[in-house]
Amino acid sequence: MEYIVRTENLSKHFGQEKAVSGLEMKIPKGEIYGFLGPNGAGKTTTIRMLLGLMKPTSGRIEIFQNDLKKERLNILKRVGSLVESPSYYPHLTAKENLEAMRKIVGMPKQRINEVLEIVRLTAAGDKKVKGFSLGMKQRLGIAASLLNNPELLILDEPTNGLDPSGIIEIRNLIKSLPSECGMTVLISSHLLSEIDQMATTVGIVTKGKMIFQDSIEAMRMFAQQSVLLKVSESDKAWRALLGRGMKAGLDNGIISLPQQSDENVAEAVRGLVEDGFSVYRVEEEKRSLEDIFLQMTREEQAG
Amino acid sequence: MMGKLLSAEFMKIKRKGIWFLTVLGPIGVVAMQMVNYGVRKEYLFRQNDDRWGYYLDNIHSFTPLAIVLGIVILTSFMSSIENETNAWKQLMALPVSKMGVYLSKFTVLSVLLLISSVLLLLFTLAFGISLDLGGEIPYAGLLKYSFYPFFAALPVLALQLWAAAVSVNQGVPITLGILGVILTYAGYALPDWLIWKWPLLMNDWEEPLINVLLGGGAGLILYAAGMIDFVRRDVK
Ligand SMILES: Nc1ncnc2c1ncn2[C@@H]1O[C@H](COP(=O)(O)OP(=O)(O)O)[C@@H](O)[C@H]1O
Ligand SMILES: [Mg+2]
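Residue numbers (my numbering), protein chains in the order written: chain A, 1 to 303; chain B, 1001 to 1236.
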C-alpha cells in the first residue's frame, strides 16, 4: 500500500515526560485519517514533528515516501497545515494575511480569492483579522492551509471554537477534499463523534502511544450491539446454543449474541426455552463508539 | 527564497508603527539640536570656531541613545508580529528554512536602521545648512556620524533579535533592552568592551573606525550564534 505518511518508532520526550512514544503512524493515500485521543495524548506534538516544527527524540518520519529530515522543504511544498489555535496577523486584513503567505508558497494571486470562497470568508476579505470571531479566524487558518493546493492536509483540531453550523460546513468541506482534489487529510480531534463523521481511517492515541489504527469500519465492528441473555445454568445454556450452531459468547454468566437479527434472537430464546432453561432477561447491550474509545484508553492505562 | 521572505516581511510590518518609528528616530535626534540651537545659537557658535564640527558633535550626543533605543523597540515590534498569535508555527510550516526566516528578520531590521541613518544624514545636513554655520560642509564627517553608529550597534541588534526570537516570555528581551539603553546612556563612564558603548564611537585611540570594525565583527559572530541557536530549537 502507498503510504503518504509513515512514522517509525517516533518518540518525543520533554525531560522526563514521554509526550509521544514509539508511534507507528500509517496514512494511506486518499484517506481522511482521524487522529483521535484525549487532551494531552500527544496529537499536537506528533503533528508538530510531522511538520518539522519539533525534532523527534528518536524515530523516523517519511512523507510522500521521502525522509522528512532530508527533504523537509520539498515535502512542505506539498503540505498544508493548521496547528492548534489559529495563527494570524491581527493588524492585517484577511487578504493581506493570505498574501503574506502566498508570497512564500508562490501561487497565483487568484488563489487567495479561491480559498476565501472555499471557507466562505469572501465578504470579510478586506477586514482586519483583529475583529474576527474565533470561528472566522479558524476558517482563515483553513484557507491558509489550502493556499498551496496541498496533497497532504494536516489539521489539528480544526473545528475547535466553531459553532455547530460552522462545524458542519467544515466537515463537509473536509469530506469533499479527497475526492475533489485528490488530497490526503490528517485531522486530529479529541471528540470521537467528529472523527466518526469524517474519517475513513482512524488512529487512536493515549499517553503518547498508538492503541488502535485501522479503518473506521474495523472500529465500528467493535461498536456493534449485541443481545445479552441472563438464563439459568448459563454454562449449559451457552453450550446448547453453540450446539444449535449459533454464534454466542459467555461472559460472567451472561450469554451474548453478537450482531443478530431479530429472528435469530427469537430462535435462540425459543431454543433455550425448549431445552428447559429459564430465560430471566433479554437485553440489548448499548456500546457506543464512545464506550469503546473509553474502554480502549482505560485498558491502556490499566495495562 | 530570500526575496520571497523579505517581501512577505515588509508586507507584515505595515500598520505596526514600524515605519513611523524609523522616521521618528532621526527627526528626534535633529529636533534636539533644533531646540538647542534655537534657544542659544549665539552661545553655541562662540564655543568652537569649527562650527560644523561642533554641530555634528552635538548631533552625535543623542545618536547612540536613539539607535540603541530604536533597536530595542524595532526588534520588539518586529518579533511581536509572530509572537502575538504564535504565528511562528504557521510561518515555519511553510517551505522555508529557519535560517532564511531568521536572516530575513535581521535584514529587514538592518534596512530600517539604514534608512534611519540616511534620514539622519539628510536632516542633519538640512538643519546645518539652515543654521548658516559657514565654511565648507564636512561631508566626510557627516557620513561618519550618520552611518558609523549603525555599524557599531550591530552587536546590540544581533543580541536583541536573538532574545526576542527565542524567548517565550517577552519580558526577557525588554528587560535586556532597557538595560542596554541605560548602559548606552552611561556609556562615557563604562569600559570599552561593553557593546552598548560602541555606538558612542569612543575609544582609547580616538579612531571611530575601530568601533565600526569591532561592531561588524562582533555583530557577525553574535548574529551567527543567535541564528544557530534559533535553528537548533523547536519552534515555539
Ligand atoms: N513544548 C513542550 N514542553 C513540554 N511539554 C510539552 C510541550 N508540548 C507538549 N508538551 C506535553 O506533551 C503532552 C502532549 O501534549 P500535546 O501533544 O499538546 O497533546 P494533545 O495535542 O493530544 O492534546 C502533554 O502532556 C503536554 O503537556
Ligand atoms: Mg493538541
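The set of hints was computed from the structure by calculation and includes no laboratory data. Predicted, not measured: the structure shown is a model, and the values here were computed from it. Quick reminder that beta carbons are idealized off the backbone N, C-alpha and C, glycines included. One or more of the hints may lead you astray.
[As the list claims (entries may be wrong)] A partial selection of chain B residues facing chain A, derived with a Cβ cut-off under 7 Å:
hint	residue
1	Gly1171
2	Thr1175
3	Asp1234
[As the list claims (entries may be wrong)] The calculated lysine-lysine pairs, modelled on DSSO-like cross-linking and capped at a C-alpha distance of 30 Å, are:
hint	chain 1	residue 1	chain 2	residue 2
4	B	Lys1014	A	Lys77
5	B	Lys1144	A	Lys103
6	A	Lys55	B	Lys1236
7	A	Lys29	A	Lys175
8	B	Lys1144	B	Lys1041
9	B	Lys1144	A	Lys128
10	B	Lys1144	A	Lys95
11	A	Lys207	A	Lys69
12	A	Lys209	B	Lys1016
13	A	Lys128	B	Lys1041
14	A	Lys128	A	Lys109
15	A	Lys95	B	Lys1041
16	A	Lys77	B	Lys1004
17	A	Lys127	B	Lys1041
18	A	Lys77	B	Lys1098
19	B	Lys1041	A	Lys103
20	A	Lys127	B	Lys1144
21	B	Lys1098	A	Lys55
22	B	Lys1098	A	Lys109
23	B	Lys1144	A	Lys70
24	B	Lys1004	A	Lys103
25	B	Lys1144	A	Lys69
26	A	Lys29	B	Lys1144
27	A	Lys18	B	Lys1016
28	A	Lys236	A	Lys70
[To be verified] Away from chain A, derived, C-beta distances all over 12 Å, residues of chain B:
hint	residue
29	Met1001
30	Glu1082
31	Gly1100
32	Phe1127
33	Ile1221
Holds or violated: Lys1098(B) with Lys109(A), Cα cutoff 30 Å? Holds, at about 25 Å.
Checking hints one by one. Is Thr1175(B) an interface residue toward chain A, by the C-beta closer than 7 Å rule? Not OK, violated: Thr1175(B) not within 7 Å of chain A, min 25 Å.
For the pair supplied as a hint, Lys77(A) and Lys1004(B), confirm whether the alpha-carbon distance does not exceed 30 Å. Roughly 14 Å between the alpha carbons, so the hint for Lys77(A) and Lys1004(B) holds.
Holds or violated: Lys55(A) to Lys1236(B), with C-alpha atoms at most 30 Å apart: 12 Å, holds
Hint check: Lys1144(B) vs Lys103(A), CA-CA at most 30 Å. Holds or violated? 37 Å, violated
Verify the proposed pairing of Lys1144(B) with Lys69(A), using a straight-line Cα cut of 30 Å. 47 Å, violated
Is the straight-line distance between the alpha-carbon of Lys77(A) and that of Lys1098(B) 30 Å or less? 15 Å, holds
Let's test the interface hint: is any C-beta of chain A closer than 7 Å to that of Gly1171(B)? Result: violated, 21 Å to nearest chain A Cβ.
For a C-alpha distance cap of 30 Å, please report whether Lys209(A) and Lys1016(B) respect it. Status violated; Cα separation ~44 Å.
Would you mind confirming whether the straight-line C-alpha gap from Lys1014(B) to Lys77(A) stays at or under 30 Å? 27 Å, holds
Holds or violated: are the alpha carbons of Lys128(A) and Lys1041(B) at most 30 Å from each other? 49 Å, violated
Given pair status - Lys1041(B), Lys1144(B), alpha carbons within 30 Å: 24 Å, holds
Hints 1, 2, 5, 9, 10, 12, 13, 15, 17, 19, 20, 23, 25, 26, 27, 28, 29, 30, 31 from the earlier list are contradicted by this structure; the remaining hints agree with it.
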